[in-house]
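4 protein chains.
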Amino acid sequence: MFIQINPDNGLAIYDQVVRQVKFGIADGVLRKGELVPSVREMARQLAINPNTVARAYRQLQDEKLLETVRGTGLQVTETAPRQCRRERRELIGERLGSVLAEAAQSGLDPGELSALIEREMSKVNRRRKS
Amino acid sequence: MFIQINPDNGLAIYDQVVRQVKFGIADGVLRKGELVPSVREMARQLAINPNTVARAYRQLQDEKLLETVRGTGLQVTETAPRQCRRERRELIGERLGSVLAEAAQSGLDPGELSALIEREMSKVNRRRKS
Amino acid sequence: MFIQINPDNGLAIYDQVVRQVKFGIADGVLRKGELVPSVREMARQLAINPNTVARAYRQLQDEKLLETVRGTGLQVTETAPRQCRRERRELIGERLGSVLAEAAQSGLDPGELSALIEREMSKVNRRRKS
Amino acid sequence: MFIQINPDNGLAIYDQVVRQVKFGIADGVLRKGELVPSVREMARQLAINPNTVARAYRQLQDEKLLETVRGTGLQVTETAPRQCRRERRELIGERLGSVLAEAAQSGLDPGELSALIEREMSKVNRRRKS
DNA sequence: GTGGTCTAGACCACC
DNA sequence: GTGGTCTAGACCACG
Chain A
1 MFIQINPDNG LAIYDQVVRQ VKFGIADGVL RKGELVPSVR EMARQLAINP
51 NTVARAYRQL QDEKLLETVR GTGLQVTETA PRQCRRERRE LIGERLGSVL
101 AEAAQSGLDP GELSALIERE MSKVNRRRKS
Chain B
131 MFIQINPDNG LAIYDQVVRQ VKFGIADGVL RKGELVPSVR EMARQLAINP
181 NTVARAYRQL QDEKLLETVR GTGLQVTETA PRQCRRERRE LIGERLGSVL
231 AEAAQSGLDP GELSALIERE MSKVNRRRKS
Chain C
261 MFIQINPDNG LAIYDQVVRQ VKFGIADGVL RKGELVPSVR EMARQLAINP
311 NTVARAYRQL QDEKLLETVR GTGLQVTETA PRQCRRERRE LIGERLGSVL
361 AEAAQSGLDP GELSALIERE MSKVNRRRKS
Chain D
391 MFIQINPDNG LAIYDQVVRQ VKFGIADGVL RKGELVPSVR EMARQLAINP
441 NTVARAYRQL QDEKLLETVR GTGLQVTETA PRQCRRERRE LIGERLGSVL
491 AEAAQSGLDP GELSALIERE MSKVNRRRKS
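Residue numbers (this note's numbering), protein chains in the order written: chain A, 1 to 130; chain B, 131 to 260; chain C, 261 to 390; chain D, 391 to 520.
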């Protein structure tokens, strides 16, 4: 499964699902025309409530990134990949900007901030390899 | 006023106040023994409800960063500055780590991520100078 | 309901709720993993405002005695019972010490004090049986 | 000075002053016709605000335990000693009852409660001798 | 004036 | 249904 839920990162669970489905599409893990996992299957795998998954899927439909295939499931739309690649930068850029703004406003000096960024980057990379 | 509330950054308002008071102490804007702005004054300046400020201040008291001076106000404790400087790195590091983890997990390639960081940093710096 | 609010005993209502939930856990009325009554239910039964209950529960969470189960309620943590049994003695010992100190300082003679203790003990026991 | 303020015993400061003046009268430290310390003097000695002392004295006047002597100060009334001896038992009895009720309600077993009482009594006595 | 507490009632996210 | 947050407005104790 390409999605990981982190209950402590401040984002609502349904929003994490939305974002990560978008990321999956942007990344090519989910291709246009492909079916996303069913609400029940996704809920089971993430150990969250099916309603929460349903809500995320509903929002993705509203944004024309998923569409129903009668009696079969939800598939990635034709136009989704391009849109998701564009959105990925925006979504991450926004969060990044918000955090960096807080860091700057906190009086943390730029050198210390750079050190922090590097440290957290290497943490992430280490986790990634394993 | 050294505090700015941003209703859209996902953090609860009371939590933003908590964090920014900590940052103010870490940064030396608030020195030990100094009184923080009164609940009512802070609420007026931030245009939020006094109860929300009171809640933030209560939490800061629970963490022994503020203490009441009866009938006078709340003052920064003796030990607060050291603790706040330590915490500042942790608080920002956590949020940073969470965002970078999402970025990595999204499949965004490292070069593009670096570009994003630089872009957002320069945005923040521009805002800072003005 | 295992909780009784007494508006005239000098303790804030939220604090009475905190203490009595701790006592309930110490006493085994609330076991680890069990859900405490919902905020609204508790408020209804004690005829107090839900916010007051919420505040008490929040404090119990801060002390790691309760933890949220999303969308379900608050449950007693694994470690709560041991901690609550320890705290029970402390909480009562403190109040007892404070009253006895006042009694001693008042010049009441020890014999009269003993008589008072016995009288109040028997009052309590009588109330208890009924 | 026969009065000691304890900011942490849950009672308001003015109430502690009221109670302890009553205890002083009950105990004979203050005799009928004698002048109590002036508001300013008392405030200085207890390191509290004169308004707080004034408030306590006002309440004692309302209860006919103190009366003004024009241009001189406040003196203990004729009837105060008898009344204060009676009240002393009530005031202490009430607090004692409230604590014991809480102890009983907490599920603490009677043996453990007795042990606690004894421990706190001996603490008080030790402090008293020194 | 200060903080502390409580009530009433609202909206949100999640199950 | 659940808890979490926020607003509005009140009263009290204290300086």
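Just so you know, these hints were derived from the structure itself, not from any lab. Check the hints yourself; a few may be wrong.
Said to hold, decoys possible - Derived BS3-like pairs (lysine-lysine); straight-line CA-CA distance at most 30 angstroms:
1) B:K253 with B:K162
2) C:K383 with A:K123
3) C:K324 with B:K194
4) D:K513 with C:K383
5) C:K383 with C:K324
6) D:K422 with D:K454
7) A:K123 with B:K253
8) D:K422 with B:K194
Stated by the list, open to error - Away from chain A, derived, C-beta distances all over 12 angstroms, residues of chain B:
9) Q134
10) Y144
11) D157
12) G158
13) G163
14) L165
15) I178
16) N179
17) D192
18) R212
19) Q213
20) R219
21) A233
22) Q235
23) S244
Just so you know, even glycine gets a beta-carbon here, dropped at the ideal spot from N, CA and C.
ask   = Looking back at the hints listed earlier, which ones does the structure fail to meet?
value = 1, 2, 5, 8, 9, 11, 12, 20, 21, 22 and 23
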